[in-house]
Amino acid sequence: GAVVSQHPSRVICKSGTSVKIECRSLDFQATTMFWYRQFPKQSLMLMATSNEGSKATYEQGVEKDKFLINHASLTLSTLTVTSAHPEDSSFYICSARVAGRPTDTQYFGPGTRLTVL
Amino acid sequence: SQQGEEDPQALSIQEGENATMNCSYKTSINNLQWYRQNSGRGLVHLILIRSNEREKHSGRLRVTLDTSKKSSSLLITASRAADTASYFCATDNSGGYQKVTFGTGTKLQVIP
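Residue numbers (our numbering), protein chains in the order written: chain A, 1 to 117; chain B, 118 to 229.
Each hint can be trusted.
Straight-line C-alpha distance at most 27 Å; calculated BS3-like pairs for lysine-lysine:
id, chain 1, residue 1, chain 2, residue 2
1, A, K41, B, K216
2, A, K41, B, K187
3, A, K41, B, K224
4, B, K216, A, K64
Bear in mind the hints are in silico, worked out from the structure with no lab data behind them.
My request is simple: use the sequences and hints to build the entire structure.
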């Protein structure tokens, strides 16, 4: 089956630093990747959609300069949280759509828990 | 923004009982999916039902979809303690910009 990995699984950083989270499709090519954020005891909120080779499309209210998304290849998308603050602490989950398959085929990564001190 | 709202927000049942969760959404969809999430973990895809389907089964799971009411239900029969988790519905919209948006979730506790 299609596997999506995220790295790191957990990260703790100091306020003001930048953190990069990687999302990889291990055994398939992903034309589109999605980034979600989940606060404790809440649902997943879509942050942005990224297509390989083009700029990400951000949801309303998500700061594109703070959450930098790069989809450099068909198997890798990165989310960089710049100048992180404690309110950015959250669970970040990526998902990937499979190239060449119906658009309802989407696979989720295991998530990255970010804690900003 | 949330597309779907789920009801109830929390549900506590005894092992062996059935659990029913409902999801309502706002816009036209291509399909609706149900996911499970154990505390602090990633998502597990449970079942997908397309907009032209009314009911679907997978093991102990039964999903219904009523597009006229913009609602879906997930029934877990003969629940087990291992079913304890949060359950989310997610809709794949039918607009030109396809994306999946999640409902608010139901937290299910199955008491052994």
